[in-house]
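Novice: Next come the chains, spelled out residue by residue.
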Amino acid sequence: MTPLALDTLRDCMEGVVPAVLATCDETGVPNVSFISQVHYVDPERVALSYQFFNKTRANLLATRQASVQIFDPVALADYRLELDFEETRTEGPLFETMKAKLAGIASHSGMDGVFRLLGADVFRVRSIETIFPPSTIPPPPSRNLLSAARRTSQELAGSGSLGELFDRVLSCLRRHFGIEHAMVLMLDENGRQLFTVASLGYPTAGIGSEVEVGHGVVGVAARERSPIRICQMAFDYSYGRAIRDGARSVGVEWSGATEIPYPGLPAPESQIALPILSESGVIGVLFAESPEPMRFRYDDEDALMLVADRIASLIPLAKASDDAPRATAPAAPCPDAPAGPLVVRHYGADDSVFLNHDYLIKGVAGAIVWMLVGEFARTGRTEFTNRELRLDPRLRLPEFADNLEARLLLLQRRLRERMCPVRIEKTGRGRFRLDVPCPLVLEEIERQ
Amino acid sequence: MTDGTGPASPSEDIGARRAWRGATLADGVLTPEIAAHCQMGVAVIVAACAAGRPLAGRGFAARIDEAGTVRLLLRRTGHHALLAAWQAGAQIAATFTEPTRHRSIQLKGRAARVSPANVADGMALEVQCRAFRAGLMAIKYTKELTDHYGVTDPDDVVAVEFTPVEAFVQTPGPGAGSALRP
Chain A
1 MTPLALDTLR DCMEGVVPAV LATCDETGVP NVSFISQVHY VDPERVALSY QFFNKTRANL
61 LATRQASVQI FDPVALADYR LELDFEETRT EGPLFETMKA KLAGIASHSG MDGVFRLLGA
121 DVFRVRSIET IFPPSTIPPP PSRNLLSAAR RTSQELAGSG SLGELFDRVL SCLRRHFGIE
181 HAMVLMLDEN GRQLFTVASL GYPTAGIGSE VEVGHGVVGV AARERSPIRI CQMAFDYSYG
241 RAIRDGARSV GVEWSGATEI PYPGLPAPES QIALPILSES GVIGVLFAES PEPMRFRYDD
301 EDALMLVADR IASLIPLAKA SDDAPRATAP AAPCPDAPAG PLVVRHYGAD DSVFLNHDYL
361 IKGVAGAIVW MLVGEFARTG RTEFTNRELR LDPRLRLPEF ADNLEARLLL LQRRLRERMC
421 PVRIEKTGRG RFRLDVPCPL VLEEIERQ
Chain B
1 MTDGTGPASP SEDIGARRAW RGATLADGVL TPEIAAHCQM GVAVIVAACA AGRPLAGRGF
61 AARIDEAGTV RLLLRRTGHH ALLAAWQAGA QIAATFTEPT RHRSIQLKGR AARVSPANVA
121 DGMALEVQCR AFRAGLMAIK YTKELTDHYG VTDPDDVVAV EFTPVEAFVQ TPGPGAGSAL
181 RP
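Chains A and B, in that order, give the protein sequences. Counting with our numbering, you get residues 1 to 448 for the letters of the first sequence. Counting with our numbering, you get residues 1 to 182 for the letters of the second sequence.
Worth double-checking, as some hints may not be accurate.
[Unchecked claim] Okay, the calculated beta carbon distance ranges per label pair:
hint: 1; chain 1: A; residue 1: L317; chain 2: B; residue 2: K140; range: 43 to 49 Å
hint: 2; chain 1: B; residue 1: D155; chain 2: A; residue 2: S127; range: 34 to 40 Å
hint: 3; chain 1: B; residue 1: D155; chain 2: A; residue 2: P140; range: 32 to 38 Å
hint: 4; chain 1: B; residue 1: P182; chain 2: A; residue 2: P3; range: 57 to 63 Å
hint: 5; chain 1: A; residue 1: Y298; chain 2: B; residue 2: A179; range: 34 to 40 Å
hint: 6; chain 1: A; residue 1: P393; chain 2: B; residue 2: P174; range: 54 to 60 Å
hint: 7; chain 1: B; residue 1: K140; chain 2: A; residue 2: G374; range: 55 to 61 Å
hint: 8; chain 1: A; residue 1: T130; chain 2: B; residue 2: G150; range: 43 to 49 Å
hint: 9; chain 1: B; residue 1: A179; chain 2: A; residue 2: S127; range: 51 to 57 Å
hint: 10; chain 1: B; residue 1: R130; chain 2: A; residue 2: A267; range: 29 to 35 Å
hint: 11; chain 1: B; residue 1: E144; chain 2: A; residue 2: T130; range: 18 to 24 Å
hint: 12; chain 1: A; residue 1: P316; chain 2: B; residue 2: T142; range: 43 to 49 Å
hint: 13; chain 1: B; residue 1: N118; chain 2: A; residue 2: T130; range: 54 to 60 Å
[To be verified] Simulated coverage check for chain A against chain B, where a stretch passes if three residues somewhere in it have a Cβ under 8 Å from a Cβ of chain B:
hint: 14; stretch: 22-30
hint: 15; stretch: 68-74
Note that these hints are calculated values from the structure, not bench results. Don't be surprised by glycine CBs; every beta carbon is placed ideally from N, CA and C.
Take the sequences, apply the hints, and build the full model.
Specialist: Here you go:
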């Protein structure tokens, strides 16, 4: 009989049914307890959640052996794994992945505050024994994830711009993966915040909403450069909470005045965040969520990570296309041009920009829009280049940061989403145009 | 001892055992209340040590007589190595966990005897599995999962009898793993 492969048993390791963990002390006295989490690490390893210093822990340190019985809640089958203890990890991607998952399990089982991950105990799997074979034939999966990943990969090729690439990603997630709610976020110039550049399935697009690196599933995925997945939603990791905590942790009272509302689901049950990684590190995060529990499993994580890797490889090409010459569209008359002048107010303290007292954007994107309307007011100029933005000392762009295209995309979409009469349109190789269909009144509020 | 709502905590069992003044079973290892917990329809998980390595297993139910002897009911299938170890004199660990409140008690002892299950065992298994399934429904397990629990060929069920020598509280939280002593 072909030996069982660990990666075909991953349904047992989603935390639906607690596993049984047996250990022995040096004199052969056994100990048995439930274990919250058996996590698939690689084809030869699993990790167990270390939550308390107890007899199990003492036995593991003394004998370095364990036996785990896992249950497949779909096929209704039982397996026993014979394990050799290798090491305990108390930080890094595996630890954070398990910590997020444990928070979900704790929340689901009413054990918030009791279950706390002290470490990820990594074991090599010596043998896998079938105790009871599958007693039911699981229903066929609703989609073939490998095929979905392949079709997505093909459809993303040849995206003509960053905006088109991200729009295609979300369209593919919806059509090929059946995902109804998703976002693409890019890392800011300082590597501290991620900002939303594209979204799918929310009443408001939330373009420009920010998540602090290290907070929520999105922020932790970025910090650890590793996928983070929660199948049973935990309060600790909710995106809305992450944003509010982020505001507090930088000493800002949560007022919402200069925050773009977070567009996420009010009560998600499943979330997955996948880092978009370049050679130099994380550049963004692909995020999806669902009101349904257990929506994203190990196989979804694998397939979506292929998509995130594909996005990473296509971003440089899409940026190059952004710079390619193209036919210049004539300045279209703006349908929603206001009758009177548009008041543009800029606060130097945080580069926030308000249009007729409505918040538009802040930070680097705010500085860019203020610089553009200022130049227009002084000179009447409407044509600009990416290069001059990079070199403009007022924008204080970090020398080597290369996400200006993502910032411009954010600004372009934010203006459109706000139904703002002022628009930014790309016109050619590293060029864009500011469309201003109405008189502007500029108000500068200096930094105190 | 408990009001049956909210998660249990180890300190409840530690305090209750210290305060117990009534009759006991198994030479003071079990109070009637602990024995009742183990027979009320809880998750039963077991372990043995064979050739120096641990082995994990799952049981269905337990019966405890007035002497405090525990009669664990489990499938023979999938547990051959554990049964062989116990018959050869290996020690046994069994943990009894209430699904809704996570109250968990571990008993340790030396396995005395492995025997086929009798009619009274069959009745106990039926009653306890039914109660356990109600607990699983309460914590929102799917119907497929719940219905699957306890379904077995009666001829495959065996009984493992042992006298507990020590009881521990395994409920998650501070104090978990403490021995339950007067």
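Novice: That 32 to 38 Å hint for D155(B) and P140(A) (C-beta), does it hold up?
Specialist: 34 Å, holds
Novice: Between P393(A) and P174(B), is the Cβ distance one that fits in 54 to 60 Å?
Specialist: 58 Å, holds
Novice: In this structure, is the beta-carbon distance linking D155(B) and S127(A) contained in 34 to 40 Å?
Specialist: 28 Å Cβ-Cβ, so the 34 to 40 Å window is violated.
Novice: Can you tell me whether the CB distance of N118(B) to T130(A) sits inside 54 to 60 Å?
Specialist: This hint is violated: roughly 29 Å between Cβ atoms.
Novice: Does the beta carbon distance between E144(B) and T130(A) stay inside 18 to 24 Å, or does it fall outside?
Specialist: 20 Å Cβ-Cβ, so the 18 to 24 Å window holds.
Novice: Using the C-beta atoms of A179(B) and S127(A), is the stated range 51 to 57 Å upheld?
Specialist: 33 Å, violated
Novice: Mind checking the hinted window 29 to 35 Å against the Cβ distance between R130(B) and A267(A)?
Specialist: 33 Å, holds
Novice: Are P182(B) and P3(A) spaced within 57 to 63 Å by their CB atoms?
Specialist: 50 Å, violated
Novice: When you take the CB atoms of K140(B) and G374(A), is the distance between them in 55 to 61 Å?
Specialist: Cβ of K140(B) to Cβ of G374(A): about 58 Å, so the range 55 to 61 Å holds.
Novice: Are there three or more residues in the stretch 22-30 of chain A whose C-beta lies closer than 8 Å to some C-beta of chain B?
Specialist: Holds: 6 residues of the stretch 22-30 of chain A have a Cβ under 8 Å from chain B.
Novice: Is 43 to 49 Å respected by the C-beta to C-beta distance linking L317(A) and K140(B)?
Specialist: 47 Å, holds
Novice: With a cut-off of 8 Å between beta carbons, are at least three residues of the stretch 68-74 of chain A near chain B?
Specialist: Three-residue rule met by the stretch 68-74 of chain A, so holds; n is 3.
Violated hints, in rising order: 2, 4, 8, 9 and 13; the structure is consistent with all others.
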